[in-house]
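Using the hints provided, position chain B relative to the given structure of chain A.
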Amino acid sequence: KAGVTQTPRYLIKTRGQQVTLSCSPISGHRSVSWYQQTPGQGLQFLFEYFSETQRNKGNFPGRFSGRQFSNSRSEMNVSTLELGDSALYLCASSSHRGGGTEAFFGQGTRLTVV
Amino acid sequence: ILNVEQSPQSLHVQEGDSTNFTCSFPSSNFYALHWYRWETAKSPEALFVMTLNGDEKKKGRISATLNTKEGYSYLYIKGSQPEDSATYLCAFNDYKLSFGAGTTVTVRA
Chain A
51 KAGVTQTPRY LIKTRGQQVT LSCSPISGHR SVSWYQQTPG QGLQFLFEYF SETQRNKGNF
111 PGRFSGRQFS NSRSEMNVST LELGDSALYL CASSSHRGGG TEAFFGQGTR LTVV
Chain B
319 ILNVEQSPQS LHVQEGDSTN FTCSFPSSNF YALHWYRWET AKSPEALFVM TLNGDEKKKG
379 RISATLNTKE GYSYLYIKGS QPEDSATYLC AFNDYKLSFG AGTTVTVRA
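Heads up: the sequence lines are chains A and B, in that order. For what it's worth, the working numbering labels the leading residue of the first sequence as 51, then goes sequentially. For what it's worth, the working numbering labels the leading residue of the second sequence as 319, then goes sequentially.
The set of hints was computed from the structure by calculation and includes no laboratory data. All values derive from a computational prediction rather than experimental measurement. Be careful, since some hints might not be right.
Quick list of in silico lysine to aspartate or glutamate cross-link-like pairs, EDC-like style, CA-CA up to 20 Å [what the hints assert, rightly or not]: (1) K360(B) - E152(A); (2) K107(A) - D412(B); (3) K377(B) - E388(B); (4) K396(B) - D412(B).
Label pairs and their computed distance ranges (CB to CB) [said to hold, decoys possible]: (5) A359(B) - S145(A): 25 to 35 Å; (6) E323(B) - R117(A): 27 to 37 Å; (7) G334(B) - S129(A): 45 to 55 Å; (8) P111(A) - N371(B): 34 to 44 Å; (9) G90(A) - S336(B): 26 to 36 Å; (10) Q332(B) - R117(A): 44 to 54 Å; (11) S145(A) - R426(B): 34 to 44 Å; (12) N109(A) - E333(B): 40 to 50 Å; (13) E388(B) - V164(A): 45 to 55 Å.
Heads up, the beta-carbon is just placed ideally off N, CA and C, and yes, glycines get one too.
Only chain A is shown next, with the shape it has when bound in the complex (with noise of 0.2 Å):
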């Protein structure tokens, strides 16, 4: 079966600006995480979108949002982009909610904010 799908693949934004990237889980995955990955950090969770609902949230500012739409496919928005947003955005799909399940990662969008 199909994997996790991200797009865009790559993506470079001016400072300010708004961007929305975009996760199609594994079919039947109702659990979508988010995950910034920055140079010389550790993937570090965004939030967990289970069935409609965010389930849980990292340590991010409020610029940072997302959404699940009823066919469990994601989307994360960051608003006024600065440039320590640049990073790898990557999203996991699983088949539970809370991380107990493996998960299954997209192979991510590479944000640049100039």
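Okay, now just chain B, sitting in the frame of chain A:
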């Protein structure tokens, strides 16, 4: 913020040699410990999800052990091959995954 630590940060191994590295995590409120392999230009791939103290899991030449009481897990690679070169991540599950910074393994032919 949970403290999940991995050591060493990186290691170089000769092809055919065996190696191991560590993940340490909080020993209280344990739910599960995940291991992932992340090869360059690919997505992180799940290796193991470990839930019970004393758990031992094996996948080919890679195996892992878990000690929840003292808060550590070891990952072992037996007879390393160049294709084992990757960053190995552990993640502590406290109802979300908190990742360590990873151990980057380079296998020299």
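So which hints don't hold here, by number, going up?
-> Violated hints (numbers, rising): 3 and 4; every other hint is consistent with the structure.
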